[in-house]
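Undergrad: Chain residues, written in single-letter form:
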Amino acid sequence: MTDQLQQRILAELEKIVLIDPHTHINPHAPASQTLADIMGYHYYTELAHSAGLDRLDIEEPGLDPKEKVGRIVGQLDALDNTIQVSWLLEMCVAFFDFEEDAITADNWEPLYDRAAEKMAAADWESQVLQQSGLEQVFLTNDFDDPLEGFDTSRYVPCLRTDDLVFHLTKAETRRRLAEATGIEAADAKSLETALGKLFEHFTGRGARACAISLPPDFEPVSVDASTADAVLGAIASGRELSREDAKIASQFVFWTLAGLCTEHRLPFDLMIGVNRGVYEEGVYQGQDLFDQRTSLFIYRRLFNAFPRVTFPISVLAESSNAELVAYSWIFPNVVTNGHWWYSNIPTYIESHCRSRLEAVPRNKQIGYYSDMYKLEFALPKFGMYRRILAGLLARDFVIARRWSEKRAVDLGRQVLRGNVERIFANR
Amino acid sequence: MTDQLQQRILAELEKIVLIDPHTHINPHAPASQTLADIMGYHYYTELAHSAGLDRLDIEEPGLDPKEKVGRIVGQLDALDNTIQVSWLLEMCVAFFDFEEDAITADNWEPLYDRAAEKMAAADWESQVLQQSGLEQVFLTNDFDDPLEGFDTSRYVPCLRTDDLVFHLTKAETRRRLAEATGIEAADAKSLETALGKLFEHFTGRGARACAISLPPDFEPVSVDASTADAVLGAIASGRELSREDAKIASQFVFWTLAGLCTEHRLPFDLMIGVNRGVYEEGVYQGQDLFDQRTSLFIYRRLFNAFPRVTFPISVLAESSNAELVAYSWIFPNVVTNGHWWYSNIPTYIESHCRSRLEAVPRNKQIGYYSDMYKLEFALPKFGMYRRILAGLLARDFVIARRWSEKRAVDLGRQVLRGNVERIFANR
Amino acid sequence: MTDQLQQRILAELEKIVLIDPHTHINPHAPASQTLADIMGYHYYTELAHSAGLDRLDIEEPGLDPKEKVGRIVGQLDALDNTIQVSWLLEMCVAFFDFEEDAITADNWEPLYDRAAEKMAAADWESQVLQQSGLEQVFLTNDFDDPLEGFDTSRYVPCLRTDDLVFHLTKAETRRRLAEATGIEAADAKSLETALGKLFEHFTGRGARACAISLPPDFEPVSVDASTADAVLGAIASGRELSREDAKIASQFVFWTLAGLCTEHRLPFDLMIGVNRGVYEEGVYQGQDLFDQRTSLFIYRRLFNAFPRVTFPISVLAESSNAELVAYSWIFPNVVTNGHWWYSNIPTYIESHCRSRLEAVPRNKQIGYYSDMYKLEFALPKFGMYRRILAGLLARDFVIARRWSEKRAVDLGRQVLRGNVERIFANR
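Protein sequence lines, in the order shown, are assigned to chains A, B and C. Residue numbers 3 to 429, in the working numbering, belong to the letters of the first sequence in order. Residue numbers 3 to 429, in the working numbering, belong to the letters of the second sequence in order. Residue numbers 3 to 429, in the working numbering, belong to the letters of the third sequence in order.
In case anyone wonders, no lab produced these hints; they're calculated from the structure. Owing to the predicted nature of the structure, the values given are computational and were not obtained by experimental measurement.
Because identical chains share one entry, a pair is satisfied inside a single copy or across any pair of copies.
When the alpha-carbon atoms are kept at most 20 Å apart in a straight line, the in silico EDC-like pairs for lysine to aspartate or glutamate are as follows:
1. K199 to D146
2. K408 to D79
3. K408 to E102
4. K408 to E101
5. K408 to D103
Take the sequences, apply the hints, and build the full model.
TA: Here you go:
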């Protein structure tokens, strides 16, 4: 009975046309061209490498896409338990009429060819969007992205600020900033002006969020202008910064961005907890991990100082979710945002989603985003989330709290779609 | 079948008359007078504020109770998913014959009036206790509470020591202490004497516990008398203390209290993990949060030094429960105590309660307390806990371990009531 | 339906003959001689003590085994909820034809005698192995164990290195090392040689792993030879070491062991997170606890520096599992290993096992080990694990992902047995 109830709720949730509020889609090449675009996703390359495939077998220069897929397929039997491989299978079934239980050495070549054939269709991108029930896709753009040559009402720009906050000490970053803004930022004031120009450019092209990923030990604090001037002057003159001064530079840029979010009425997506390059010899994008010893407590000054900025927050460590629930429950400007990366597996989604539904105001929950690099991934990822959500709505709301099915579906709709529209509204 | 089993166990658990071992009830006004007393509970004001209601709309000086309820009701549709609002609904159904699915702008006024009418009954307090199956309610009294004018066998005093440990540096605290004890505490010895007088006063009036809430970074250690003398002297002379000296003062008072608990055979309730005033602009009592980076390891000296004091421990961070299970499993004087605040939601209660039932001796588990400010809250809060407990007893004991239903209910009874009686026995 | 499916899968898993990859079995006395050997296991003594039994009642010198069992039985009614006591009951039912619901003051004596009688059989050890479906048992040997007088193909040696890493500063440890190797280790080079001799001895006797348990704050780093020489020289000369120097000594020995694991192709079992002697007055082996504030991030240098060493990792803190999942997902040389000690209860096993099955390559998961001191414990402990595993395979794979039952059982077999064989292969 519960099963049928869950199925009915799921069927309703599947009718909801989606806005995906965080992806890494390249709007100039949003869909895949071959299965290598799908299986080259770091989830597959890193898991295949972790299970035994040599990194160079995957990243050999000039490697033919089909050959690459063949090599990864050779490792799939060690990964078929993972939820990531279940996404792969689901994509192949949904998009490429694949009918086997597993992708194996014996059946992958016809699959590869069939996929390439379908992907070659002129309207493949539209087919994928249509079949996935996907209307709008948020991007994660470099700060110097011209944001031209694509439909920004379908592919919504978001200003990614990692480079500005953590790599301003690099000459290349400063060169890019100067080129994008026409300003050589050598002190607090000129840097603020330059960053303001980026915001103008982005919001002028329909940007809906500023975004950044942060290491577990980053602590946002306000930096006074004279301290910032000294450090930025040192950077501009090319001097090597001490660790402490580099931290100050990061803090100053970050705090300035939050101020600009207030001014330009942009939500500031914080993705908290990633340590970059932990596994030095890992495959591309398969080197980052986390340290659970972090806390939203170190963000308290930020949340207090910028009450008019909405902070959609993603946490990487499983144990951080309970803090996110509590901070979203208390701070009006903190909202929960999806299930990120290492926490994006059903065991954790189920518990995190349930706790949020129990304790965070329903208008402050952004249910899910795909984080995808290619459009085909929205279908299985949102599918996974919707099934979990349907199960929770059935059990905790319709059965335990005697809600009507309609009311439960309405809650699902708000979390899946309504809040995305409202929180990232075009102002 | 499991469902029916769970219902049968629940029915038995519902027959158990309760002692609520931790509340913030004012014994001079234990029950509510209007719905504003219920909806003014910080759970509703902070969630309403978090969801968008202005703090000043809630805390406007001189605000009429009915008007206040109306304003919060206006925000309820953004909160109806929360377990806290499910408590509200459950109270309205149980106490005020409310029959709607939700409290809305259209139906709240008759509800308000109906509630006021019922609450005006001379025996409203007794009605609530009776209907809630509640026999005895532990209080949390200020250290200088005269403990007069109420029935201490129904409303059991407990000595709250937060002010003594963390605010002795304030002149007001010292004035209150001097007034309550007749002693001007200016060194270790006189402070011990003063604190001893408080214990005598409290135990003389039937107190059953000493209690305190602690920040995540508080580390109990013994402070030698001469160090304490120096710091207490500085406090008495009104000198500003360094952070380090203030910490020493806190540690000295805390350690002295533990010694007095030994002497007076009082359990010492530790509520571990709250950071006060994190959200500075939050509503009253809606400003506190936590930092998960804490450990019971920092309490090891205390647990070793006071083997004859029972420490019922509540943890605020979800991730602290696994430590609490292990420390209660090993230390004879550590017992688990309820599900506190941000951990008081079904997702966490279910997992925490299950782990405790699996690994902590059954005579060392205090199942639940309401933490309520008004009597009406015991009903839905204990109701939530009992349903979860009944589910675990059914699944993990009757089904998985083939216990008889009677035996499972006996375990439930011990956790819900028996241990409270024994651990907080009047000595 | 799910129940029957789970039972069918469980029945298949129960046919798998086991290798237990981590125990504390004494190969010269692997099985119990009386119930006191079973109930003297620290799980029972520490829980009985925690529930109220005096330590001296348990550890009274010269205490008769039967009397000891009687005393612990007297406390069992306060522990019968625990999963550990469910193991006890399961052993008594399976091995000693016990038919009661609980072990009580009224029925324990006949049980004791019946057990003693059965254990007196010449082939008791074989009976237990046979009935438990256990083929091979890994040991945890002191570094100076002669490894003689037992069948090393049944009882597989593993080199335990705690003493070397953490107690080299003790004269007794150095004496034992000198005796075992004929080398007085007084500098980096001679210590490496001595440790190398231990590896030769162990691998020559069929050892399959090097193993160590580590406190939560241990951070593996490389120590250069001259620094090591200075510290080791100080140790050899009997000088008292500073905390810092003792840490360097530990780090040097640990890093050297990892190098020898590369050379001798031994996996290095890391059991991360235990603080020793936290409860000073606890019963034997019932004094250790943990501090959740730890991270695998502090092992990054090790994992990067020794890519050819496999590190099967056990974590003690519940919250560490999410890190273990992520680090095993990314690092080819990190694999998950069982459910250790305070995390070895169904609540945590279920969530940890589920998350691993969802995100770690299937060839990198060592499902379970018993950690037992006496052979009889494998039956209930592996039984507990298999039931949980069967439930997850049924629900998450057969039902949710439509796997065939055979395919699900194959995954179970790999996790339970196949990976143990491959990862700890005799090279």
